[in-house]
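Undergrad: Chain order of the listed sequences is A and B. The opening position of the first sequence corresponds to residue 19 in this note's numbering, with each subsequent residue numbered one higher. The opening position of the second sequence corresponds to residue 559 in this note's numbering, with each subsequent residue numbered one higher.
Incorrect hints may appear among the rest.
[Unchecked claim] In silico PhoX-like links for lysine-lysine, alpha-carbon gap of 20 Å or less:
| no. | chain 1 | residue 1 | chain 2 | residue 2 |
| --- | --- | --- | --- | --- |
| 1 | A | K150 | B | K738 |
| 2 | B | K766 | B | K636 |
| 3 | B | K717 | A | K80 |
| 4 | B | K717 | A | K150 |
| 5 | A | K150 | B | K664 |
| 6 | A | K99 | B | K664 |
| 7 | B | K659 | A | K147 |
| 8 | A | K99 | B | K676 |
| 9 | A | K80 | B | K672 |
| 10 | A | K54 | A | K78 |
| 11 | A | K99 | B | K766 |
| 12 | B | K731 | A | K150 |
[To be verified] Derived coverage of chain A by chain B (criterion: at least 3 residues anywhere in the stretch with Cβ under 8 Å from a Cβ of chain B; other residues may be distant):
| no. | region |
| --- | --- |
| 13 | 87 to 95 |
| 14 | 146 to 156 |
[As the list claims (entries may be wrong)] Some chain B residues well away from chain A (every beta-carbon gap over 12 Å; in silico):
| no. | residue |
| --- | --- |
| 15 | S614 |
| 16 | E632 |
| 17 | K641 |
| 18 | G661 |
| 19 | A732 |
| 20 | G754 |
| 21 | N756 |
| 22 | K766 |
Calculated directly from the structure, the hints in this document are not laboratory data. The structure presented is a predicted model; accordingly, all values stated were derived computationally and were not measured. C-beta atoms are modelled at their ideal positions from N, C-alpha and C, and glycine is treated no differently.
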Amino acid sequence: MVDKKKSVKKRINNSFKKLHKGLTIHFMPYSEIVNKDSIERIKLLMKHVLDNKIVILQGKLKPDQETRLIENSMTLIGNIKGFQGIEVATISGENTGENLFEKIRYNLAKILVGEKDSITIIGPASIVKEMKRDPSQIELLLQN
Amino acid sequence: MMKIIKDFAKRLFYGILGKRNGEVKLGFYGSPNAGKTSLANRICQDWLGEDLGKVSKIPHETREIQVKEKVIMERDGKKVEFKLIDTPGIATKIDFEDFLKFGLKKQEAQSRAKEATKGIIESIKWLDDVDAVIVLIDATSNPYSQVNITILGNLIARKIPVLVVANKIDLKKADIKKIKGAFPDYEVIGVSAKTGENMEEFYEELFKLIKKKK
Numbered sequence: 019m020v021d022k023k024k025s026v027k028k029r030i031n032n033s034f035k036k037l038h039k040g041l042t043i044h045f046m047p048y049s050e051i052v053n054k055d056s057i058e059r060i061k062l063l064m065k066h067v068l069d070n071k072i073v074i075l076q077g078k079l080k081p082d083q084e085t086r087l088i089e090n091s092m093t094l095i096g097n098i099k100g101f102q103g104i105e106v107a108t109i110s111g112e113n114t115g116e117n118l119f120e121k122i123r124y125n126l127a128k129i130l131v132g133e134k135d136s137i138t139i140i141g142p143a144s145i146v147k148e149m150k151r152d153p154s155q156i157e158l159l160l161q162n
Numbered sequence: 559m560m561k562i563i564k565d566f567a568k569r570l571f572y573g574i575l576g577k578r579n580g581e582v583k584l585g586f587y588g589s590p591n592a593g594k595t596s597l598a599n600r601i602c603q604d605w606l607g608e609d610l611g612k613v614s615k616i617p618h619e620t621r622e623i624q625v626k627e628k629v630i631m632e633r634d635g636k637k638v639e640f641k642l643i644d645t646p647g648i649a650t651k652i653d654f655e656d657f658l659k660f661g662l663k664k665q666e667a668q669s670r671a672k673e674a675t676k677g678i679i680e681s682i683k684w685l686d687d688v689d690a691v692i693v694l695i696d697a698t699s700n701p702y703s704q705v706n707i708t709i710l711g712n713l714i715a716r717k718i719p720v721l722v723v724a725n726k727i728d729l730k731k732a733d734i735k736k737i738k739g740a741f742p743d744y745e746v747i748g749v750s751a752k753t754g755e756n757m758e759e760f761y762e763e764l765f766k767l768i769k770k771k772k
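So here's chain A without its partners, still in its complex pose (with noise of 0.2 Å):
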């Protein structure tokens, strides 16, 4: 009677094991990157998304670095075993200021905090499923 609690109590871990095993997010803050240039950061997500991590990184790539990420996450489609692309998606503080204090404010804090005040998220296809955003907001949807 003992033994078969353990074996269920063993198949109950194993199975959560199982489920979650792949799935460890690594926040990135912007020091890490800031220094940086387009190759470095783009192999630095890259690793990180090949060892089958969701990335938070603090900030935002330039556009020209998001295309060359895109460039190359294809060019790995195919050519690593299971490697599906990624899934991407940045919010940052939206100017909502109506009136033209709050607009200048809002720029003044821009200039000083540069693109910290963005989050970009980046995981591999194989674990993220969809990356619905809105302009607030990013629901992270996982693979089964």
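On the provided structure of chain A, position chain B as indicated by the hints.
TA: Chain B only, in chain A's frame:
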């Protein structure tokens, strides 16, 4: 390897030839199945009387750059000429299994996926060679997709004039207000490439866009 050389030569050829003729190169960009080729076909039919490419419900039907030379549009006695460049839809992921759902065999699906990845790379490369762009958005889908934002971000950075077009307005699910709300800094025109709804307003804006680059 041969394909890469061929694509590069194609871009170089059209780039040099286009510049020499002073012809505006109009790129069509957007996510897969936004209706880029459908709209390109509608324009080609209206002004040249012929189609540009094949359309299908299966995503990534256009996997190679398609070019139509010398499209001449006329409005109020004035003419504009442009080269229409229809690009494969840009996506961040491709899984061949998605094509199986459309009835494709495994080998066909794998080959389509491989060609689609190459097509996306080509689309991105062509961003350096276009003079004006129409960004196609499916009016029934969420406009806040990263692909749309990435395309528009690149066009702003390159100072390329853009016209945002919300396609499929004939469908019940279409939400043009949502698209306009997502891109408040752009002129957004709703059309249906399938039924031809609102094409007159679209041509007026397209005429202005081409004129800007002349």
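Undergrad: Take the hints in turn and mark each one as holding or not.
TA: Hints versus structure:
1. Pair hint K150 of chain A plus K738 of chain B holds up; C-alpha atoms about 18 Å apart against a cutoff of 20 Å.
2. Between K766 of chain B and K636 of chain B the CA atoms are separated by roughly 11 Å; this keeps the pair inside 20 Å, and the hint holds.
3. Taking the CA atoms of K717 of chain B and K80 of chain A, the gap is about 15 Å. The hint holds against a cut of 20 Å.
4. Among the hinted pairs, K717 of chain B with K150 of chain A is inconsistent with the structure: their alpha-carbon atoms are about 29 Å apart, more than 20 Å.
5. For the suggested pair K150 of chain A and K664 of chain B, the alpha carbons sit about 29 Å apart, so the restraint of at most 20 Å is broken.
6. Among the hinted pairs, K99 of chain A with K664 of chain B is consistent with the structure: their alpha-carbon atoms are about 16 Å apart, no more than 20 Å.
7. The straight-line distance between the Cα atoms of K659 of chain B and K147 of chain A is roughly 16 Å, inside the 20 Å bound, and the hint therefore holds.
8. Straight-line distance between C-alpha atoms of K99 of chain A and K676 of chain B comes to about 17 Å, which keeps the hinted pair within the 20 Å bound.
9. For a cut-off of 20 Å, the pair hint linking K80 of chain A to K672 of chain B is broken: about 27 Å separates their Cα positions.
10. Distance restraint check for K54 of chain A and K78 of chain A: the Cα-Cα separation of roughly 13 Å lies within the 20 Å cut-off, and the hinted pair is therefore satisfied.
11. Proposed proximity of K99 of chain A and K766 of chain B is contradicted: the alpha carbons are some 48 Å apart, above 20 Å.
12. Simply put, K731 of chain B and K150 of chain A have alpha-carbon atoms about 18 Å apart, close enough for the 20 Å limit, and the pair holds.
13. As drawn, the region 87 to 95 of chain A meets chain B at 6 residues by the rule of a beta-carbon pair under 8 Å; at three or more, the given contact holds.
14. With 5 residues carrying a beta carbon less than 8 Å from a beta carbon of chain B, the region 146 to 156 of chain A meets the three-residue requirement, and the given coverage holds.
15. Chain A leaves S614 of chain B outside its interface by the beta-carbon criterion, the shortest separation being 21 Å against a cut-off of 12 Å.
16. Against the 12 Å criterion, E632 of chain B stays outside the reach of chain A, whose nearest CB is about 35 Å from its own CB.
17. Every CB of chain A lies more than 12 Å from the CB of K641 of chain B, the least distance being 22 Å, so the non-interface label holds.
18. Separation of G661 of chain B from chain A is adequate, the least Cβ-Cβ distance of about 20 Å exceeding the 12 Å criterion.
19. The beta carbon of A732 of chain B is kept farther than 12 Å from every beta carbon of chain A, the shortest such distance being approximately 18 Å.
20. A cut-off of 12 Å between C-beta atoms confirms that G754 of chain B is not in contact with chain A; the least separation is 31 Å.
21. Against the 12 Å criterion, N756 of chain B stays outside the reach of chain A, whose nearest CB is about 26 Å from its own CB.
22. With a cut of 12 Å on Cβ distances, K766 of chain B stays outside the contact zone with chain A, its closest approach being about 25 Å.
Of the numbered hints stated above, those contradicted by the structure are hints 4, 5, 9, 11, listed in ascending order.
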